[in-house]
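Protein chains: 2
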Amino acid sequence: MKQSTFLVPTLRDIPSDADVISHQLMLRSGMIRQSASGVYTFLPLGWKVLRKVEEIVREEMDRSGAQEMLMPSIQPSDLWKESGRWEAYGPELMRFKDRHDREFALGPTHEEVITSIVKDDIRSYKELPMTLYQIQTKFRDERRPRFGVLRGREFLMKDAYSFDHDFEGLDKSYQTMYDAYNRIFSRLNLNFRAVIADSGAMGGKDTHEFMVLSNVGEDTIAYSDESDFAANIEIAPVKVNYDKSADQPEEMQEIETPDQRTIQEVSTFLNVMPEKCIKSLLFIVDEEPVLLLVRGDHEANDIKLKHVLDAENVELADETQTKNILKTSPGFIGPVNIPAEVKVIADHAVSYMVNAVCGANKEKYHLKNVNPDRDFRPNLYEDLRNIQEGDPSPDGRGTVRFKEGIEVGHVFKLGTKYSEALGAQYLNDQGKSKPIVMGSYGIGVSRTVAAIIEEHHDENGIVWPQNVAPFHIHLIAINIKQEAQRDLAEQLYEKFLTEGREVLFDDRPERAGVKFKDADLIGIPLRIQIGKRAEEGIVEVKERKTGELQEVHVDELSAVISKYQL
Amino acid sequence: MKQSTFLVPTLRDIPSDADVISHQLMLRSGMIRQSASGVYTFLPLGWKVLRKVEEIVREEMDRSGAQEMLMPSIQPSDLWKESGRWEAYGPELMRFKDRHDREFALGPTHEEVITSIVKDDIRSYKELPMTLYQIQTKFRDERRPRFGVLRGREFLMKDAYSFDHDFEGLDKSYQTMYDAYNRIFSRLNLNFRAVIADSGAMGGKDTHEFMVLSNVGEDTIAYSDESDFAANIEIAPVKVNYDKSADQPEEMQEIETPDQRTIQEVSTFLNVMPEKCIKSLLFIVDEEPVLLLVRGDHEANDIKLKHVLDAENVELADETQTKNILKTSPGFIGPVNIPAEVKVIADHAVSYMVNAVCGANKEKYHLKNVNPDRDFRPNLYEDLRNIQEGDPSPDGRGTVRFKEGIEVGHVFKLGTKYSEALGAQYLNDQGKSKPIVMGSYGIGVSRTVAAIIEEHHDENGIVWPQNVAPFHIHLIAINIKQEAQRDLAEQLYEKFLTEGREVLFDDRPERAGVKFKDADLIGIPLRIQIGKRAEEGIVEVKERKTGELQEVHVDELSAVISKYQL
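Chains as they are written, first to last, in the UniProt record's numbering: chain Y, 1 to 566; chain U, 1 to 566.
Please keep in mind that the hints were generated in silico from the structure rather than gathered at the bench.
Since no wrong hints were added, every one of them can be taken at face value.
Within a straight-line C-alpha distance of at most 30 Å, the following computed DSBU-like cross-link-like pairs (lysine-lysine) qualify:
| # | chain 1 | residue 1 | chain 2 | residue 2 |
| --- | --- | --- | --- | --- |
| 1 | Y | Lys52 | U | Lys2 |
| 2 | U | Lys126 | Y | Lys481 |
| 3 | U | Lys432 | Y | Lys517 |
| 4 | U | Lys481 | Y | Lys126 |
| 5 | U | Lys81 | Y | Lys97 |
| 6 | U | Lys481 | Y | Lys434 |
| 7 | Y | Lys119 | U | Lys517 |
| 8 | Y | Lys2 | U | Lys417 |
| 9 | Y | Lys172 | U | Lys2 |
| 10 | Y | Lys97 | U | Lys97 |
| 11 | Y | Lys495 | Y | Lys481 |
| 12 | U | Lys403 | U | Lys545 |
| 13 | U | Lys432 | Y | Lys481 |
| 14 | U | Lys434 | Y | Lys481 |
| 15 | U | Lys532 | Y | Lys126 |
| 16 | U | Lys517 | Y | Lys126 |
| 17 | U | Lys495 | Y | Lys172 |
| 18 | Y | Lys126 | U | Lys542 |
| 19 | U | Lys119 | Y | Lys52 |
| 20 | U | Lys172 | Y | Lys2 |
| 21 | Y | Lys517 | U | Lys119 |
| 22 | Y | Lys532 | U | Lys126 |
Between the sequences and the hints, there should be enough to build the whole structure, so can you do that?
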């Protein structure tokens, strides 16, 4: 492709509305342009990368045995009403009426449509298992579109749906997709983890999010620096062997703490470390009061509390509730001498504390030298805190670190939610009707392009990995008006095309500085610069990633290029 | 692909809601399913064909130098208001509001979006010419969706846009696309013509429709049986050398024709051929009365009348207007003795008539032995009738035939309509701002799939041409429960896969009849049937198109397959 007539409008300045690096670089390198908030055009350079990502996804889906198809974006409201999502999906679902005033949704996902197809066209157990997928445009009216194509309102997605006889079959289909996703994101050169996600609301079935570890993102991921463990911090289990202090228990004392309510205030005032304090939080759990205790340097985790108590509803008590139950305000509550009806649930770490500080259940007083199991006795010790950086990895290998995560994929066991709602049944080998057991598997294709850039760039621009690069070679005639340079460049361009190489030829009559800046920005892995030594047949080969530059005679060029594994 | 778990739900019966053969066959062969009126899912088999068509389109677009990109479906109303199409497009434009009550259209085409991009990102004459394209889903709220994917409301389209310095450049870009379209539709095995379409409303610029000649369609195409001439019958020029009758002009006579008003009635009543009658039609052309004359066996063409008179508005006079102007009702009007203010315009054929019959401008009377240029003198003889089957082709080669046409492509010179409306200018080599000159080029990709089927089927099903067939080989184990058959089939299946052949393996435990019927319906070009002689290594090879069947030893199979050019 000749750059002079290739639409790749690079920008020198960082666009003011782009907060994250991938958004900035996609705009600056001429990959995308915005049409409306969260709605983007992929210009030719961006489109080439999107296609390469799409092809990798397609290859691995096909390899996994999934069948490609194409469902429409226009979805009748009836289907969504049958599944109950017409209301439940809320304002994210884009809706419109046709010329006959019939209501439709623009598909944000296709569970309803695929289930209605399968309902009509799959009859027998002999036709199962089956996994269907499509790579198709999706629509979601995000409340706050941002980060360019990382959170857009129209985007390219791969969505797959598996259909099985039973949950055992679903487990297999799920694993097949899980494995395919691992292959896909590995081939896409991403530092990702399959993160166990909270599945409480969906009935405890398995679900994993594939998260790219990044500096931007909307979730915080706890991951091991040595293994492949990763989880959303909200549900990551804590497995720590705490040491019990060698201190001898001392006599419990009441101390006046007139204005000290938080752990920070109390520990400073009393000159003790936060880990010597007990953080006490009063919750209303399914209408019963529960006092949750964690160590002062830890964060309480109410999702874990909910799971531990198998509760429906967990809410922090407000000031009034606290006063009614414990006769004092939240800053002064603690586990000692509380009414018998208040359940006390403590994190494991609390049981190892000696001579701790906690609220006295008396306005403006705390207690010191409090010792668990002497001065109070929790109903239960459990894992009830958030995991922290520095904790040992729950799988026993390595140490926990935190990163932001970009969700690029999601695998989900749907079970029979949709097949039951829409009546998708099959006849089993006994001739009995059974609901088809389903799974759902998504990959954000356009988002993944941005995720790759988040991981593969430097201060000068994008640094494309080979297999998703828009071109493999950037051929630059430094001074196109100089005949020897132009001739050699044209000659190499033809040669590369003949060899089937993907080459962008910068044939523009621009200054060298402009060309190099654009080349860095666009980030094609290998650059071949034709300059002053063209007459001798000497060109420069520069690797984008390392900046490594060498002079090469054209006769040696193929060998050198091969070294870079093109 | 093993058919047992491939989603290809064939139907025995002809679906009652499918009027045309392609729609019937796409439903019956399990290629598509309807989600809503005019909204279809492409199931895996249909998707494979759609992809192949898409790839052929892409290859030829790339070969023509066009650059692929991807624009969004969501288009802000502002852009459409700037171009004036927000109102003009009418109810075909699907519209919706987002959560902030902003108005959007679902793109039926992308002139506005591409022009707004080019406006911002093309600056200099050095960046032109350029042609950009995308293969993308389009939305049109058709008043009457029908014929399956031939006229849908959501469909896959290739749309391209060219950008040039001037109209001369546009001519070249247009020709490049025109040539690419010819290559595409040839490769797609279609009997098509590039038809000159009426471009009056757009200011007389060139436009061609690529029409597949068919038995269904919404336009009638006049084409030559010997050359590539083709035109919509409404604008096809008539070039006929009429013979003048050898009869001597006789004396004009008035005859009573009490109830005879139409040519049919009059010619029967008077026992003369329709071609001896003059058909007289009174039009109001830009408020002036014009009497149009054509031979009784011809059809008057008001589009030609409009062009000939360079008129804005042409309407047939109603009964009242006719009585006011000619003092009689429409069934009895004629060109003899009419008021001087009524212009008479006649088709060429009229001037060759001798002793003709026409209305007498007197209630219940006609005239016979009327002779042009003796009894009346038209202001003008011109081409004013529709072309007819049997006419010589206007290009002098062959005879005109009629066919219905399916419009699969459209190339159009837009000129500066959009660039001026949206302000897309470039700086020319003199440093002056000039509007970019544009062309627009569409191909209905999903519609083309149906057009191929209209042309390639027989009474048993689809007969796919090789290069768009969903698979190349249909491998059928006639009795999969029979071990020798199953083993040989499995063995050949593996072999074909290894050789990279696209093969569908019917491994279902169905009866032979069911398998053969499905195979005919699906229409894969070559069928390999493994039956009773499996133990001897003998299989049957059957060509779908010819029905030709031969027994072949497996050792000879590759050679035989090669003969069929797989």
